[in-house]
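Participant: First to last, the protein sequences are chains A and B.
So in our numbering, spot 64 of the first sequence is number 65, and the numbers just go up one at a time.
So in our numbering, spot 155 of the second sequence is number 156, and the numbers just go up one at a time.
Hints in this document: simulated from the structure, not taken from any laboratory.
Misleading hints may appear alongside valid ones.
The list cannot tell twin chains apart, which means a pair is met if one copy fits it or any two copies do.
Calculated pairs, DSSO-like style, for lysine-lysine (alpha carbon to alpha carbon, straight line, at most 30 Å) [unchecked claim]:
hint	residue 1	residue 2
1	K274	K190
2	K274	K318
3	K318	K363
4	K289	K318
5	K38	K368
6	K140	K274
Owing to the predicted nature of the structure, the values given are computational and were not obtained by experimental measurement.
Number of protein chains: 2
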Amino acid sequence: MPGTPRDVLAYLDENRERFVSELVEFCRFSSISAVPKYAADVRRCAEWTARHLNAIGVQATVEETAGHPSVVGEWLKVPGAPTVLVYGHHDVQPVDPLDQWKTGPFEPTVRDGRLWARGASDDKGQILAHIKSVEAWLKAAGRLPLNVKFYIEGEEEFGSRNAPAFVQEHRERLACDIVVVSDGFQFAKGAPAITCGMRGVALYEVVLHGPSQDLHSGVFGGSVSNPAQALAKLLSALVDGDGRVQVPGFYDDVAPLEAWEREEYARLPFDEKVYLAGLGVSAPFGEKGYSTLERRWVRPTCDVNGIWGGYQGEGTKTIVPAAAGAKISFRLVPNQIPERIGPALRNFLGDRLPPGIGMEFKEWNAKGAIVYGRDHPAIRAGARAVEAGFGVRPVFIREGGSVPIVNWFKSVLGADSLLLGWGVPDAQVHSPNENLWLDEFHKSTRACAHLWAELARV
Amino acid sequence: MPGTPRDVLAYLDENRERFVSELVEFCRFSSISAVPKYAADVRRCAEWTARHLNAIGVQATVEETAGHPSVVGEWLKVPGAPTVLVYGHHDVQPVDPLDQWKTGPFEPTVRDGRLWARGASDDKGQILAHIKSVEAWLKAAGRLPLNVKFYIEGEEEFGSRNAPAFVQEHRERLACDIVVVSDGFQFAKGAPAITCGMRGVALYEVVLHGPSQDLHSGVFGGSVSNPAQALAKLLSALVDGDGRVQVPGFYDDVAPLEAWEREEYARLPFDEKVYLAGLGVSAPFGEKGYSTLERRWVRPTCDVNGIWGGYQGEGTKTIVPAAAGAKISFRLVPNQIPERIGPALRNFLGDRLPPGIGMEFKEWNAKGAIVYGRDHPAIRAGARAVEAGFGVRPVFIREGGSVPIVNWFKSVLGADSLLLGWGVPDAQVHSPNENLWLDEFHKSTRACAHLWAELARV
Chain A
2 MPGTPRDVLA YLDENRERFV SELVEFCRFS SISAVPKYAA DVRRCAEWTA
52 RHLNAIGVQA TVEETAGHPS VVGEWLKVPG APTVLVYGHH DVQPVDPLDQ
102 WKTGPFEPTV RDGRLWARGA SDDKGQILAH IKSVEAWLKA AGRLPLNVKF
152 YIEGEEEFGS RNAPAFVQEH RERLACDIVV VSDGFQFAKG APAITCGMRG
202 VALYEVVLHG PSQDLHSGVF GGSVSNPAQA LAKLLSALVD GDGRVQVPGF
252 YDDVAPLEAW EREEYARLPF DEKVYLAGLG VSAPFGEKGY STLERRWVRP
302 TCDVNGIWGG YQGEGTKTIV PAAAGAKISF RLVPNQIPER IGPALRNFLG
352 DRLPPGIGME FKEWNAKGAI VYGRDHPAIR AGARAVEAGF GVRPVFIREG
402 GSVPIVNWFK SVLGADSLLL GWGVPDAQVH SPNENLWLDE FHKSTRACAH
452 LWAELARV
Chain B
2 MPGTPRDVLA YLDENRERFV SELVEFCRFS SISAVPKYAA DVRRCAEWTA
52 RHLNAIGVQA TVEETAGHPS VVGEWLKVPG APTVLVYGHH DVQPVDPLDQ
102 WKTGPFEPTV RDGRLWARGA SDDKGQILAH IKSVEAWLKA AGRLPLNVKF
152 YIEGEEEFGS RNAPAFVQEH RERLACDIVV VSDGFQFAKG APAITCGMRG
202 VALYEVVLHG PSQDLHSGVF GGSVSNPAQA LAKLLSALVD GDGRVQVPGF
252 YDDVAPLEAW EREEYARLPF DEKVYLAGLG VSAPFGEKGY STLERRWVRP
302 TCDVNGIWGG YQGEGTKTIV PAAAGAKISF RLVPNQIPER IGPALRNFLG
352 DRLPPGIGME FKEWNAKGAI VYGRDHPAIR AGARAVEAGF GVRPVFIREG
402 GSVPIVNWFK SVLGADSLLL GWGVPDAQVH SPNENLWLDE FHKSTRACAH
452 LWAELARV
């Protein structure tokens, strides 16, 4: 099987300036999905994307959802070869606070080697790198080495609300052997990354009920259990002083961390002081025996996302609150079974109720972690493509959060996802002055071009 | 020293019907202090009260405050005899929900032996009992056996906001040997009570700060301390499973419970099942080794009055909250020194902060408990008067909440307070269908008449 033709790479080099000008054009659309008044801009952006795909030879259409439209396209002319689905999004984050932008968010400007615009990195620059690499193959080689599909949604920055239904409805058109998700980050500039796994999540809510209404804490205090204090007892029992979750059985199924991962993470250019300073935190805390990156990526954890009860206003109100509640979430790692967490948590909390306190328990939702070994064919292909495009071997990382679309692709299409990311950590995505390093953009188009050749081999 | 003249008691008996009709008149004023549109009604009620006092021979005036007016009056014609200040209030609680009243809250109605009206028990009926007893002495005996002053404020149901300043400003006119506060309850109908003490209170707020803003709990969770969980740890440490406050030194100064008190409380007609059912609580909880009444009245305690932090809305939000906070209050008993609680609490909490969590600590206010021995001359005089008026010996109880006015009278006027209460627990004060048993009203006027003779002896 041949590699990437020289003509394809030459085409990429020769058309750099045009690619940048097309990215500028792409970034002019104020396709803010979360703000209703931009709905027409989101639609125009979808139409531009579909037109652009058609112009390079990919059959593409704008497809409606219950919200903003998606773009779906395909080039399927290599029977027997694998089919790759490229996922990304054409919508962008809101732009407030507007006065902090050095140049307008929708007036893309090249300055100091970067393109400054909302969406430059997240996700227009990343998706356009894939499109341009397909163009290079089709124009310079007359063909791609495999079949390519695109699914470019318009609501990723608004929670991908309609994506699950869309994937389900269009499952035949989106059917593929592997999904390529390019909506992430390099680990650091010059350290492109392949994300091999992401934690799952399980979400619960507990409300403790005591007296039927708030009581005067002078008249009644000391004679009945206080729901806020009962809640504190329950929540404080969840995690011990060593950062270990205390719910029985919680660690039973946890896949142990592999030696190569520990070594890989330890080698990453991660500066804990810079990390903590960025969060405004003076010291780390987490499970004993693990590094900060391990705690974030490969170890399960429990966080209280919110608590409430009684009087929260200015000054004082001397009551025993009638009720108090909390949102509790767990991040899950490979082999943990989400369905086992809820009942275990419920029992754990229920066993600790003081006299006179009743418990209401809600399960919101739960989904398991996903992990791919470094030897997964798509991961290996991706690694070779990244190395060829960027000139350095990628680092293998994980993601602490979940990427729900990956779960949907797995469950509906039966396809694994290769998670790439061309942005750099200081790209200011979701913030004022979002930007994209143009040299990284060009490297990423090369990496994408190599990716088709590499994935064709697997 | 003579007792209460027969003529005085006869006068009370002969004028029962008129007293009720005057109470009806008093209760017609919609003197709701908390609702601004009733300001004129509160004022008219104050004017009626002052006029009424003057009519019976007590020199009274309406005195302005920064809010609703007070009434102050005096009859001071027994040089060398003690001076008693009667404290009460002419304002009333709001009346919502209005549709639950069987008859209008300001259309006083006699039905089934009770007068139904807002303010009938709290506090117009109680204050009028004192006024009528003074009238009986002055009309039937031509004199009182001691000097009497009245301070009838107009904002008790709105937090007595201007009372501290008022007492301070009028301290010479209000100067007295003893205060009689009639704004409470019998322990049960037919079990009139004298309140010998009330707990103090100390109020604090703690806010724990972690990251400089809410963090994504997937990306960052497990690597930094969670302020909501840190708060839970702190709060759960405050009180142990036996209901004992764990702040070092907290019990050092606590006055032990006297044997007679334990016996007295054990004899009270207190039905714990009824008590708990009224609160909607299935089981009691409190300090081990003490009864529910003891826990409420004579033992110190700690309650969390409110907690907050992170996401409290519907559904889920996967964050590590930037901060979490709580309102913490202690009820204090005799000999505990409020000024010692704050620093001890601050240290206790500060010692338990996990890595990366900062603490903000506020002291709101604190005041000590007050207690009078059963052998306090005013308590003994009050007990004899109650027995003479009601035909039963009063029970000696305490109050779990604080009565701030009592602290102010002590600190500004240097006077102890005799806490009486003629209402019954089912008088529906602060609720629809407030009422006053007329037989109890008449007994209370007799007890008041006896009180002047008894207090004159001390």
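Participant: Give a verdict on every hint.
Facilitator: These are the hints, each one checked on the structure:
no.: 1; hint: K274 - K190; in the structure: within (18 Å within a copy, 69 Å between copies)
no.: 2; hint: K274 - K318; in the structure: between (41 Å within a copy, 27 Å between copies)
no.: 3; hint: K318 - K363; in the structure: both (29 Å within a copy, 14 Å between copies)
no.: 4; hint: K289 - K318; in the structure: between (40 Å within a copy, 26 Å between copies)
no.: 5; hint: K38 - K368; in the structure: neither (33 Å within a copy, 56 Å between copies)
no.: 6; hint: K140 - K274; in the structure: neither (48 Å within a copy, 86 Å between copies)
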